[in-house]
Amino acid sequence: MSVASSNWYLCSRLWWRRLGVMTINELLQLSRDGALLFFFIWSFNANVFLSANDMKLQLTNARFVVHDADHSVASRELIHRFHAPLFRFDGEIAQFDEGLRILDDGQAMLVLNIPPRFQEALAGGEQTTVQLQVDTTNSPQGLSAAGYVARIVGEFGSEVAAQRVGIAGAAEDDLPVIRSEHRVWYNPNQTEAWFQSVVELLNMITVFAILLSAAAMVREKERGTIEQLLVSPLTPFQIMFPKVAAMTLAILIGTAVSLFVIVQGVFHLTVKGSLFLFFSMTALYVITTAGLGLFISTFTTNQAQVGLMTILVVAPMLLLSGTWTPPEAMPKGVRYLMLLSPLHYFVDISYGILLKGIGLEILWKPVLAMAALGGSLFGFGMWRFRRQFA
Amino acid sequence: MNLRRIAAVASKEWRETTRDRMFLTLAFLIPFVWMIVFGYGMVLDVENIPYAVLDYDHSALSRDYLYRFQQSRYFDFRGSLHDEREIEGLLAGGSVRAVIVTPEKFQERLVEGRSVNVQTLVDGILPLRSDITRGYIIAINSAFSREMVARYVARVRHLPLDQAQALMEPVRLDVRYLYNQAVKSTWTMAPSLVMMVLSLFPPLLTALGIVREKERGSIYNIYSSTVTRHEFLVGKLLPYTLISVINILVLWSMAVFLFGAPFKGDPLFFFVASVVFVLCTTGIGLVVSMLVKTQQAALIITLLIGLIPTINYSGMFSPVSSLTGGAEVASYLFPGRYYANIVRGSFLKGVGLNVLWKDVLILAVYAAVLRTIAFHLLTKRPRT
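Chains as they are written, first to last, in the numbering used here: chain R, 1 to 390; chain G, 1001 to 1384.
Read the hints as simulated data drawn from the structure, not as lab findings. Please note: incorrect hints may appear among the correct ones.
Pair ranges (Cβ atoms, derived) [as the list claims (entries may be wrong)]:
#1 R:331 with G:1086: 21 to 31 Å
#2 R:369 with G:1369: 47 to 57 Å
#3 R:252 with G:1056: 42 to 52 Å
#4 R:181 with G:1086: 17 to 27 Å
#5 G:1001 with R:340: 51 to 61 Å
#6 G:1070 with R:97: 39 to 49 Å
For lysine-lysine, the following BS3-like pairs were computed, each having C-alpha atoms within a straight-line distance of at most 25 Å [unchecked claim]:
#7 G:1264 with G:1358
#8 G:1184 with R:332
#9 G:1358 with G:1012
#10 G:1184 with G:1264
#11 R:365 with R:332
#12 G:1214 with R:221
#13 G:1293 with G:1380
#14 R:221 with G:1358
#15 G:1012 with G:1214
Ideal placement from N, C-alpha and C gives every residue a C-beta, glycine not left out.
Could you put the whole structure together from the sequences, leaning on the hints where they help?
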């Protein structure tokens, strides 16, 4: 073996050793930062649990009152069809005007007005109109509630109609109607917690990918230990990469605990795709997004500033990612901006793997886009970071 | 209380805040950016649902039926399929959210007076959206069914069409959307965003401003000075409250002029109630600042108790009536719930003090209690 090659061997061993030591150093640092560690554990567990458990965007317990001017068997029959879990019957009111007051007070979301002579009209073959007042201060809820009421009243109506033409009891097959057969894919029981917990997990991965990498750098500045690093025989890459690696490791552990304990354990999501693929993609996403954190660390001097900058940067990223609002619902201009957010692709990839059970054969496009975008982000962060040493 | 000393503390605080670039950003830029980003990005309207059709019948009637989806502003036609096997790839890739499949003999059966099953496959990843999508599909299906039935009954019973229609549709539903007639989600979101921003940034400013002194050690100047605890708290809070009051005006203008949300209530009442809410949230920041030692910890704790309960428990997305158990208790404990009533009442409902007095009163008591707690936690003789 020549001297040159054994030298090269020693150097590369030293290089890797330094990298390893620095990574362990970073992990220790993180484990001793009490506030940050608490926040980390809280976010990946309690926060994911609480948001999935408490965020109910689907209609539940919509409070409704009835102004029944008929008080007949037919009107009661209709009222009884509004029940839990969608609706909560909060009693009857005597006057029509009272409904508006109750809605103003926010004591009910829906007021159903059944006209006088309701039963008589139904029996006599006439047409009658039921009025619904919906509080749409919360628009998706109002819309959803109105949709359900329309369905219930529609079904009631067609039963009455079937009786009128004398085919009650016989199959509805005898009328030319369209029967809607719905099949809901990927989440057949429409368990909202599946979606909410995955969304929150992805959000937390993003927050910490930026926050931890920036905090790790700034911690050195704050304590003045950066001076020691600068005079050490470490290259900027050897200073920076262990921070990113340690943080990626921490986030992967957090993600694994959150996914297995909260998302799968508590909310019983059955992961359909490959977990190995999901964790590799998470690692790729975290490493590349860390570029943003490094960038932030170049112009901040303490942890509080890092926190604020993270708040400033993360909010647009979360929103432009399509977690809550899919691209087709966004205004056109915003839709193009979404293409610039690495999270947008990571969301597609994660939903694909975790909820839809698809693999790279369909996901290769977002994976490539995320790698390219993230790679340039990381390169940019690295470039800014190096300039600090010059 | 000595007014001169309060003024001295306040002016020192004001200068420190305006000279610190980060604080200035936090005070004025981030609330503005949040309002823009969330206002434009958080769209809850379910419109332009991308869908595809698979028509096995290829008849005039099935085309007529499918055309109704094309006409609806809720659906966005993305093409016809020829094979069932194409469906999976489209839904999995996210390029369509729904597929409508009309069976063979669609026309034949309907003309004979028999029912047909139309299958719809819906992407269920976002449950609220798939719920609303299903609602739209059912609405189109029932309207089409009603026409079919009326025509059929008219033909079989030899009735005029309108009479058959009245016969077959005994109950009509007349829906009145109150407070937000066009059911626009921006009208819902813009006022809620005012609340969200006001529940995070005022306490954050306050907490960081006070903890900053602890971290730097300049708080010892206060400990040894003649400034009393009351004077310190009032002086410290004045600039942050002032900044937040400016923000109320900025956020309100953005909600009304930028996002076009209607403001039906009394501006003066809303302003006063918002100031009470700001006093409340700065109080939260104050209490946090008494309990922690570093700015980093202050930031984290304020985020956890300022922002997250507001998003989860104030009725911003899920109405408070749908909360149960611990979440319901939490909704009463945090001030967001009460201010949410004030915000929606003032913007959309046009109600004022006569309806909302209870909420304002609770917020005022809340603010007073927080002040008292903070006053008792503040000591000029720290243990360490």
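Status of each hint after checking the structure:
1. Checked against the hint of 21 to 31 Å, the pair residue 331 of chain R and residue 1086 of chain G passes, with Cβ atoms roughly 30 Å apart.
2. The given range of 47 to 57 Å is respected by residue 369 of chain R and residue 1369 of chain G, whose C-beta atoms sit roughly 51 Å from each other.
3. The given range of 42 to 52 Å is respected by residue 252 of chain R and residue 1056 of chain G, whose C-beta atoms sit roughly 47 Å from each other.
4. In this structure the supplied range 17 to 27 Å holds for residue 181 of chain R paired with residue 1086 of chain G, their Cβ-Cβ distance being about 19 Å.
5. Taking the beta carbon of each, residue 1001 of chain G and residue 340 of chain R are about 53 Å apart, inside 51 to 61 Å as hinted.
6. Taking 39 to 49 Å as the suggested C-beta distance range, the pair residue 1070 of chain G and residue 97 of chain R conforms, at roughly 42 Å.
7. Between the alpha carbons of residue 1264 of chain G and residue 1358 of chain G the distance comes to roughly 20 Å, so the proposed pair stays at or under 25 Å and holds.
8. Taken as a hint, the residue 1184 of chain G and residue 332 of chain R pair is honoured in the structure, with Cα atoms around 17 Å apart against an allowance of 25 Å.
9. For the hint pairing residue 1358 of chain G with residue 1012 of chain G, the CA-to-CA distance comes to about 37 Å; that exceeds 25 Å, so the pair is violated.
10. For a cut-off of 25 Å, the pair hint linking residue 1184 of chain G to residue 1264 of chain G stands: about 16 Å separates their Cα positions.
11. Our distance criterion of 25 Å between C-alpha atoms is met by residue 365 of chain R and residue 332 of chain R, whose separation comes to about 21 Å.
12. The hinted pair formed by residue 1214 of chain G and residue 221 of chain R meets the criterion: a straight-line CA distance of about 19 Å does not exceed 25 Å.
13. With a C-alpha separation of about 15 Å, the suggested pairing of residue 1293 of chain G with residue 1380 of chain G holds against the 25 Å cut-off.
14. The straight-line distance between the Cα atoms of residue 221 of chain R and residue 1358 of chain G is roughly 50 Å, outside the 25 Å bound, and the hint therefore fails.
15. For a cut-off of 25 Å, the pair hint linking residue 1012 of chain G to residue 1214 of chain G stands: about 16 Å separates their Cα positions.
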